[in-house]
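**Student:** Chain residues, written in single-letter form:
Protein chains: 2
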Amino acid sequence: MKLSNYFLPVLKETPADAEIVSHKYMLRAGMISQSSSGIYSWLPLGLKVLKKIENIVREEQDAAGVNEILMPTIQPADIWKESGRYDDYGKEMLRINDRQGREMLYGPTNEEQVTDIFRRAVKSYKELPSHLYHIQWKFRDELRPRFGVMRGREFLMKDAYSFDLDMDSSRTSYNKFFVCYLKTFERLGLKAIPMAADTGPIGGDMSHEFVIISETGESDIYYDKRILELMNVDKNLDYSSDLSEIVVSYQNLYAAADDKYSKDEFSKEVPKEFQSNTKGIEVGHIFNFSSKYSEPMKANVLNSNGKTVPVHMGSYGIGISRLVGAIIESSHDDNGIIWPDAVTPFAIGLINLKIKDPEAVSMCEQIYQTLNKAGIETLYDDKDDSPGAKFSRMDLIGLPKQIIFGKNSVIDKTIEIKDRKTGQTEIINISETISKINNN
Amino acid sequence: MKLSNYFLPVLKETPADAEIVSHKYMLRAGMISQSSSGIYSWLPLGLKVLKKIENIVREEQDAAGVNEILMPTIQPADIWKESGRYDDYGKEMLRINDRQGREMLYGPTNEEQVTDIFRRAVKSYKELPSHLYHIQWKFRDELRPRFGVMRGREFLMKDAYSFDLDMDSSRTSYNKFFVCYLKTFERLGLKAIPMAADTGPIGGDMSHEFVIISETGESDIYYDKRILELMNVDKNLDYSSDLSEIVVSYQNLYAAADDKYSKDEFSKEVPKEFQSNTKGIEVGHIFNFSSKYSEPMKANVLNSNGKTVPVHMGSYGIGISRLVGAIIESSHDDNGIIWPDAVTPFAIGLINLKIKDPEAVSMCEQIYQTLNKAGIETLYDDKDDSPGAKFSRMDLIGLPKQIIFGKNSVIDKTIEIKDRKTGQTEIINISETISKINNN
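Going line by line, the protein sequences match chains A and B.
Under my numbering, think of the first position of the first sequence as 788, with each following residue one higher.
Under my numbering, think of the first position of the second sequence as 788, with each following residue one higher.
Isolated chain A, as found in the complex (with noise of 0.2 Å):
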């Protein structure tokens, strides 16, 4: 892409109303413009970012077996009443009245919904158990929204949706979404920590939340430090087999967030150089509510014996647009953003400083289809700037390798290649681009 036809819209200043880091470099990078309070329009660099988490997040749900649907933003107030939440929820719940009068809602979240389409179609327990996800814009009308598209009212989440005919296997479903979000935040490139959460009136161990560590973080968290030393999940693994232990080894050392921290048991359970207490970002929250929903939505199937049962139900979440602002969170530096590789916009700037040079030009031209043919992403910047200005908008923005092309460049045929999180230089010759890139 060249910058000279991109929608980049960089701002010099720090919004005033910008809290934390994250809002502030989405806001000043041109990810992202606000509509209304809490509501944001994603530009191109922005929602280049959200697609690649969202991608990945999809393929990593297609690879555990989960059926992907979509269900739409506005959902009929009657299958709220059925469940009993219609009253329940609170003003966080966006309520409409269509022209007929009918009371409507735009979904903050989607139980009624799948538990619906679910009762219509599965009748038998040979049909069971089955996962369906979708990825949907959520509205929750939160009183005081902030930190940009952490804590906004519109937002992108993953949900999924297991129904199984019993508890064993109701578990056996929890797990493999337990082992899948793993795999999930390996390849964003984030720690995430499960860590036990409420269950409320259900009871149980079924609930943990997804944590990322970070400064700015809403939780406090208190676990054991040999959490993070535990083997990443294989990435072939294969979702028919037991994946019991895995979980057992995160269950067996403790984490949890406030909600569910007690000290003595944290003193007792954890030796105390492997104690940590630090702030952590929610990402993820899987949870098994039995049959919460099905019961009173009467969501049954005929079991073996021909008996009539409600299915028993979990319910997977992750954040996709928040997952945009806690990657910021967890990885910037005074001039701006640094992407990890796996869900960078692009993988290369391309900075051509002497862009009224003919031969610089064509030169630069030259690399950027080089790295294009060889199926790199790069950002080419071809406007006509001061060097200070590319500079400091390149850094911004965070792409992992920046390519210098500058004054040496046309006579001695090399470019400088600068990392962006190291800061590191190192200058080859053009020829060696595709090598030296792909090496890295």
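What the hints contain is simulated information worked out from the structure, not anything from laboratory work.
Source: prediction; values computed, not measured.
Think of the CB as a built atom: it goes at the ideal place given N, C-alpha and C, for glycine as much as any other residue.
Worth double-checking, as some hints may not be accurate.
[What the hints assert, rightly or not] Across the chosen pairs, the derived CB separations fall in these ranges: (1) B:Ser1222 x A:Ser1173: 55 to 65 Å; (2) B:Ser1222 x A:Asp1120: 47 to 57 Å; (3) A:Lys1047 x B:Asp1121: 54 to 64 Å; (4) A:Gly1093 x B:Gly1175: 17 to 27 Å; (5) A:Gly991 x B:Asn1195: 52 to 62 Å; (6) A:Gly991 x B:Asp1120: 45 to 55 Å.
[To be verified] From the derived model, a few chain A residues whose C-beta atoms are all more than 10 Å from chain B: (7) Glu1005; (8) Ser1006; (9) Leu1024; (10) Val1035; (11) Ser1036; (12) Gln1038; (13) Lys1085; (14) Ser1117; (15) Leu1140; (16) Asp1206.
[As the list claims (entries may be wrong)] Far from chain B, by Cβ distances over 12 Å, these chain A residues were calculated: (17) Gly871; (18) Arg933; (19) Glu973; (20) Ser1031; (21) Glu1060; (22) Thr1157; (23) Ser1218.
Following the hints, complete the assembly by docking chain B onto the known chain A.
**Tutor:** Okay, now just chain B, sitting in the frame of chain A:
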């Protein structure tokens, strides 16, 4: 994908309230599930087609150099008051009050929102032309939603917008989208005719609806048959070249829907033998509205003389969810859907009729793996149903080719390949599967 792990709730009965064939087949084939009047959940088979269409539309927008953004579904009323449309827009606009009492709405279209993004970001003619698109759900509160996804309330559209300094440049943008649309519909396997459409008070000739011929269409269309014979657009078209010749070749041949049709002009301009009058479905609309929004909303730039001028704008829509229905309307028979190759959810349906024979299961599994490795998307019917149920289900969902593994397959090492459209069958050796499919 194995059918035993695929969420495909096929219906035996035709739903009573479905009036047109696409609506019937989409419900029966388990592509969609109704949530409320005019609002649908997309189930895996339907979503796969929706995404294939979306991706083709996206690739062609990208190829034309249009920048992808994503605007939110919920917009503030303020910008609609600026443009003057808040009061004009009738009951089709879903109006909402948030918890703070602020007036919001579910975007029925996005001219105001995109103009707001543009005016904040662009101040100089040097940044023009600027072309932005997004693919997002819209809501129009139709009084009588019907025809399934063809006239739903929540629907998916691609909307693009052009911003130019003057009318000449605006026409160049218009021509770019005109040609991009020809290319897009061609790739979708559709013959969409660009028809002169109403420009209202704005005047001029820059408004075209793209209409596909269909008996069940809502519009009467009148056109010169020779328009169907015009050359296809070059796949590697250079969008920076002069495209007016292509556009003029279409404009020179009469094509108009009822609102623009004139009996006199039609009979004068089109020789009798080339006159055609049928029904059509509108699937796209391009329209130049000059400074209709930029003036009231003060979307101005400085021109090269340092003078402040409002930009010229155009909008370019494609109904993505509507296209799913429109394609079925134009491609089906009494047994079900017949998907064009470009958008089919799977290329092959593999039917195992000997599911209780372990050798047959093992051989079918091998065929399935071979197809997968060759990158041929396959739906493998591994379910224990009667042959009749399997055949009618596979015909209903309309995959272009079926492979039937039957009673002689184990002994003879042969399979039957059936073409869904022609119904022609051929017996081939299993070893020839890939070469046979790739040559078709």
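**Student:** Hint by hint, say whether it matches the structure.
**Tutor:** Hint by hint, here is what the structure shows:
no. : hint                              : verdict
1   : B:Ser1222 x A:Ser1173: 55 to 65 Å : holds (59 Å)
2   : B:Ser1222 x A:Asp1120: 47 to 57 Å : holds (55 Å)
3   : A:Lys1047 x B:Asp1121: 54 to 64 Å : holds (59 Å)
4   : A:Gly1093 x B:Gly1175: 17 to 27 Å : holds (25 Å)
5   : A:Gly991 x B:Asn1195: 52 to 62 Å  : holds (53 Å)
6   : A:Gly991 x B:Asp1120: 45 to 55 Å  : holds (52 Å)
7   : Glu1005                           : holds (21 Å)
8   : Ser1006                           : holds (24 Å)
9   : Leu1024                           : holds (17 Å)
10  : Val1035                           : holds (26 Å)
11  : Ser1036                           : holds (28 Å)
12  : Gln1038                           : holds (28 Å)
13  : Lys1085                           : holds (17 Å)
14  : Ser1117                           : holds (24 Å)
15  : Leu1140                           : holds (19 Å)
16  : Asp1206                           : holds (28 Å)
17  : Gly871                            : holds (19 Å)
18  : Arg933                            : holds (14 Å)
19  : Glu973                            : holds (25 Å)
20  : Ser1031                           : holds (21 Å)
21  : Glu1060                           : holds (46 Å)
22  : Thr1157                           : holds (20 Å)
23  : Ser1218                           : holds (28 Å)
Hint check: no violations occur; every hint is consistent with the structure.
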